[in-house]
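Student: Listed below, chain by chain, are the residues.
There are 2 protein chains.
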Amino acid sequence: MPTTDVTYSAQPSPPIDVSTPAVVVDVDVLERNITRTAQTFRERGVELRPHAKTHKVVEIAQRQLAAGAVGLTVATISEAEVFADAGVEDVFIAYPLWLDARNAARLRTLAGHCTVRIGVDSTAALDRIASELHGSGIRVSLELDAGHHRSGVLPAEAPGIFAHARRTGVALDGVFTFPGHSYAPGRPAAVAEQEAEVLGETTAMLREAGFMVSHVSGGSTPTAVTGVDSPATEIRPGVYVFFDAQQLELGSCTIEDVALHVVATVVSRHDRAGSDERRIVVNAGSKVLGSDRPAWATGFGRLPQHPRARVTALSEHHGTIVFPDDEPLPQLGAQLRLIPNHVCLTMNLVDRIQVVQDDQVIGSWEIAARGCND
Amino acid sequence: MPTTDVTYSAQPSPPIDVSTPAVVVDVDVLERNITRTAQTFRERGVELRPHAKTHKVVEIAQRQLAAGAVGLTVATISEAEVFADAGVEDVFIAYPLWLDARNAARLRTLAGHCTVRIGVDSTAALDRIASELHGSGIRVSLELDAGHHRSGVLPAEAPGIFAHARRTGVALDGVFTFPGHSYAPGRPAAVAEQEAEVLGETTAMLREAGFMVSHVSGGSTPTAVTGVDSPATEIRPGVYVFFDAQQLELGSCTIEDVALHVVATVVSRHDRAGSDERRIVVNAGSKVLGSDRPAWATGFGRLPQHPRARVTALSEHHGTIVFPDDEPLPQLGAQLRLIPNHVCLTMNLVDRIQVVQDDQVIGSWEIAARGCND
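In the order they appear, the protein sequences are chains A and B.
Read in order, the letters of the first sequence correspond to residues 1 to 374 in our numbering.
Read in order, the letters of the second sequence correspond to residues 1001 to 1374 in our numbering.
Because the hints were derived from the structure by calculation, they are not lab data.
The reader is advised that the hints may include incorrect statements.
What the hints assert, rightly or not - Example chain A residues on the side facing chain B (calculated, C-beta under 10 Å, incomplete):
{"#": "1", "residue": "His-149"}
{"#": "2", "residue": "Arg-150"}
{"#": "3", "residue": "Ser-151"}
{"#": "4", "residue": "Ile-255"}
{"#": "5", "residue": "Gln-305"}
{"#": "6", "residue": "Leu-314"}
{"#": "7", "residue": "Val-350"}
{"#": "8", "residue": "Arg-370"}
Note that the coordinates shown come from a computational prediction; the quantities given were computed from them, not determined experimentally.
For every residue, glycine included, the Cβ atom is placed at its ideal position computed from N, Cα and C.
Taking the hints into account, I'd like the entire structure generated from these sequences.
Tutor: As structure tokens, this is what we get:
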């Protein structure tokens, strides 16, 4: 399957004064992405609740909220705890949590500090919520499977689960989807339509059966940028703050929209003309780029200054980059910028990001929720 | 390509009292792996220098050294700094470092605290070493490409590089290989032979040309366990302390040798008999298991209690596990143990591991060198 053609800037990147490998964020590009996305959804009348698992950074969450986001989406209780500690007042844990005594106690504490909504996708999990979170004020949304076939129930199962919630006293008043199957070239628009249909059909069915559905939440970055009409009242894209090589190859963004790079140094160089071994090795591997690589991707990331180069292999601390025969190999010791395939993984691999403006480091931000898996 | 048959223990695993997802290490299995490997190489007269990038834990390094390891292998200067701070006296940074003023200063400081050896694979990098590390006492080994085609030079290039080192006064007195292409079913023995040949041929050629070669270092876990004869004076396996699903499917270990598991909870369950959707979702995804998946692997990890189950997909916080039609799906809320595909990535994703003995948590260890990429 052909990936979208990518137009590259011809401008060279001056070296950035960092110890490599380093994760650097261009604050002007970041701010532009935040502002533009906020404006797009304000104009459409859809509430924006960005997924903070992408960045895990308090300073970025604050910029999203300042630009008009209604709150944050997170994936885990510990992510919610980090952002609530930093003063965020409204979080949706868009995940079908299974409550035991330990994490239920944490959720009740969390709900004392901010508005909390959680996900559910079974009557068994609803029963746990009924017994553990009674009186906590935590609201609940049902996850729907819009075709991704991960968690979530089919639309036909929704009325039964809402009925069970009514019987057990759980504040189930919303539905949400994650259309992860939009991550393939040519798919985003069709998947956005499928998601809109599932949300619309389910909401209508539930309302017809007498249930209140006040929270209709959807979205991913690839579907969000399609502009497909949706009955969603809220959208939860995450990657749009930085974008990454997957989004570039899916056509969700241009090269100028990419706000985050991994800066690396050429440590090994093998220029054997005419062989398949015209390669360099940089000191950025899977422990900083992350090793996600969908089958349709051209490699393990992209090089903005070398569009025809391919990151063919990653070890933990080695990135192998193959060049076409007619392109000179970068020199040993040269600094290169790489766009990771999946930026959410990159952000989870380092403790801090370097903040740059006009290629100068102006500060650094802590990745406060790094490693918050539980 | 068929993967090696895996024999599984039929014994059920009792739940471990941890917040999931958690990384747990069985200290008895760990100790057995450390002791057995140390004994194997002692008997062969080969020095063992375990690669600490696998575990990044001071307490595990101390056990390896107590069992007779001559020092540690690491991949980065920052890993070396962590272990030197903890009292480790001898480290080999088995990596073709490119020295700038910043990391050269760190290396000189490091060499004030412990014995340091570094890797090189070009005359350009040798020139940097000559100018930056003169008088530091740091010794250098040349990386050879034994067929993995990542970093490292071909044997025929070695004499020229040794001659350049002699001219520039660099203490180049060793060679090393990393036979990463052994990571495929049926390959380890053949690759171990190829590595032995490259090390032997190069060492002979260098000695014939009058160069001293006192350090001949090879190895990876899959090749190390083959027992193939090698001229290596030193071996650098890493994963053998824990093993993982890759090693299990390569036949490097049995299920009883696996010391590390990711403990997860079933959060979503879809039991649609007769469809291809008999699946569960656990709360362990790529942010704890890591997303390495070689083409020959059966999935993104293995379940010791469910050998026919397949981890078909990972999102950041979701692991999708498909079961065969005739096997009951685990219940919602059940605790499952997963063996990650590549344990080095898992260790880099959490701050601490839970130490268990007889399925009871007896403590936890800090992953002191987590995130040490530079």
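Student: Return the numbers of the hints above that this structure violates; sort them in rising order.
Tutor: 4 and 5
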